[in-house]
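Engineer: With the hints as extra help, turn the sequences into a complete structure.
Each chain, letter by letter, is given below.
Number of protein chains: 2
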Amino acid sequence: MDNIKIFAPATVANVSCGFDSMGFAIENLGDTMYFEKTETLGVEITEITGAENLPLAATENAAGVVALAMLKAAKATFGIRMSIDKGFTPGSGLGSSAASSAGAAYGVNQLLEAPFSILELTEFARLGEQAACGSPIADNVAAALYGGFVLIRSYSPLDIVRLPVPESLRLVAIHPQIEVKTKDARAVLPETVPLKDAVTQWANVGGLVSGLFMNDYSLIQKSLVDIIVEPARKHLIPHFEDVKTAALEAGALGAGISGAGPTIFALVEGEQKAEAVREAIDSSYANKAIAYKIYSSKINTRGVQIIDE
Amino acid sequence: MDNIKIFAPATVANVSCGFDSMGFAIENLGDTMYFEKTETLGVEITEITGAENLPLAATENAAGVVALAMLKAAKATFGIRMSIDKGFTPGSGLGSSAASSAGAAYGVNQLLEAPFSILELTEFARLGEQAACGSPIADNVAAALYGGFVLIRSYSPLDIVRLPVPESLRLVAIHPQIEVKTKDARAVLPETVPLKDAVTQWANVGGLVSGLFMNDYSLIQKSLVDIIVEPARKHLIPHFEDVKTAALEAGALGAGISGAGPTIFALVEGEQKAEAVREAIDSSYANKAIAYKIYSSKINTRGVQIIDE
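First to last, the protein sequences are chains A and B. All residue numbers for the first sequence refer to our numbering, where the first residue is 1265 and numbers rise by one. All residue numbers for the second sequence refer to our numbering, where the first residue is 1265 and numbers rise by one.
Accuracy of the hints is not assured; some may be wrong.
Put simply, identical chains are the same to the list, so a pair is met inside one copy or across any two.
Keeping only pairs whose Cα atoms sit at most 27 angstroms apart, straight-line, the calculated DSSO-like set for lysine-lysine is [stated by the list, open to error]:
(1) K1498 - K1460
(2) K1350 - K1336
(3) K1460 - K1486
(4) K1445 - K1557
(5) K1562 - K1269
The set of hints was computed from the structure by calculation and includes no laboratory data.
Structural biologist: Here is the structure:
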């Protein structure tokens, strides 16, 4: 194989109760990436469309950093030329750098004739997160690579658990066009939390995981609660409470901050309710002074995938 | 029905990572209780065998308190006479008061012709825990009533999730014959925990719950980790590290403190390994100056049950 085109999905990390340990992938939203072998060693990024201000220098670009590390680890005798079409905006809280990092890991692995496991690809993709966000977080890249819902059970050693995706689960998300820096979103987190709050949170993590395995929407609904991170971060996101209230009143199972924000996500049972929740969120933001985009989609269960030409 | 005899199982609460939110029931260890209707209103406890110093006065006894509350709630026109044969020692960390409380809730409900749901029985049984331990904790009583593994997803409102029990899972437990007061075991807990430790803990709760659903012993093994409560409590339990090391070296999936201790539990895959773990734990304690009992059993999947005469 000398060239490959792939689609790498956007992702929602944290999923309310599961801060830094859960995530899921979004259908029909993500980066399209093209890779081809070159005789020249190294990595060349020829073009990035769909987003401004992303570095083309491979050593500064999330996807470039991943590709360079993989070529080095595999002692490749060829180089990689790539182009990236960003399907959604960086800084959205929907795993933009993670999509490009996961996409690069997957695409380069294919051109190398797949020497690396999906867990190893996740490790490589974390290098892209490190380059883009300053922290090698794994929840977005793991969700993008594995697809569906994932649990990051451990960082050291990295251990990813794939969780089932209830068939009728739908995502509705709104991305207010403001910037929330991950660094700022991290800075507002408490360093310590009351033990009793931690217990409440991990009981909900257990409930959410159980709900996914049992296909139990009521249990998912009850468990989509975050009493630790959301209260600390929600003031960074304009009109968060309005959107959440609108989503819940329209029948969403739950709503919360996607990753570090500013995107607000809602999980919904069924297409019809998803449409109602989309409309309710849209109405709640229509008269605000902030531009926004709304996404409504299934859960992506396949992760990064090859696009046949 | 004018009388009934039941068996109420001992239980292990917390299960390493799941402090205050997980528990499971033990096969072949528990209280045997006999209940009969009386014309006189109120509750009379005629006899408690198998344990010393437990109060016979209904208002001071865990089972008595539960029975009184249920008769009152049901506006019963009869009273209850009961006797309790304790199958294991109070203060062991194996849910002694919980077994009697759960057994009373179940038995009295039967004599009342079952007006209460199992969730309501759990609420009544918590009154027994309140009377015996000063705190209406639900993990032991829920495990005793539901059987198998349970997750206490929420206390307010009370929400119990039944989790699957992998077929080959076995328990080995050692009860050093010393007293650890629940009050003391609570007093050593930190009031706050670092957020990053809480994340590690809830990722393991997610892993343990997933492992139970997936019948994945390796995942159960990796997830049976407690970095918050065990480090704070283990000094209360003599030779805890020796027992844990012996259990793990003999092939246990994990080992930890059962409830507030002093019992140390180990979970093991399969009968053969359970025997090896039992021997290893036995050897590790044989030369200590403390008397002990060892239990080896399946997981009880039925909860409180009626004994046919």
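Engineer: Pop the pair K1498 and K1460 into one bin, within, between, both or neither, using alpha-carbon distances up to 27 angstroms.
Structural biologist: both (21 angstroms within a copy, 20 angstroms between copies)
Engineer: First find the shortest C-alpha distance between K1350 and K1336 inside one copy, then the shortest across copies, and answer within, between, both or neither for a cut-off of 27 angstroms.
Structural biologist: within (26 angstroms within a copy, 66 angstroms between copies)
Engineer: With 27 angstroms as the alpha-carbon cut-off, assign the pair K1562 and K1269 to within, between, both or neither.
Structural biologist: Within one copy only: 22 angstroms inside a chain, 52 angstroms across chains, cut-off 27 angstroms.
Engineer: From the Cα coordinates, with 27 angstroms as the cut-off, is the pair K1445 and K1557 best called within, between, both, or neither?
Structural biologist: within (18 angstroms within a copy, 57 angstroms between copies)
Engineer: Check K1460 against K1486 for me: Cα-Cα at most 27 angstroms, and say if that holds within a copy, between copies, both or neither.
Structural biologist: both (18 angstroms within a copy, 24 angstroms between copies)
Of the hints listed earlier, there is not a single one the structure fails to meet.
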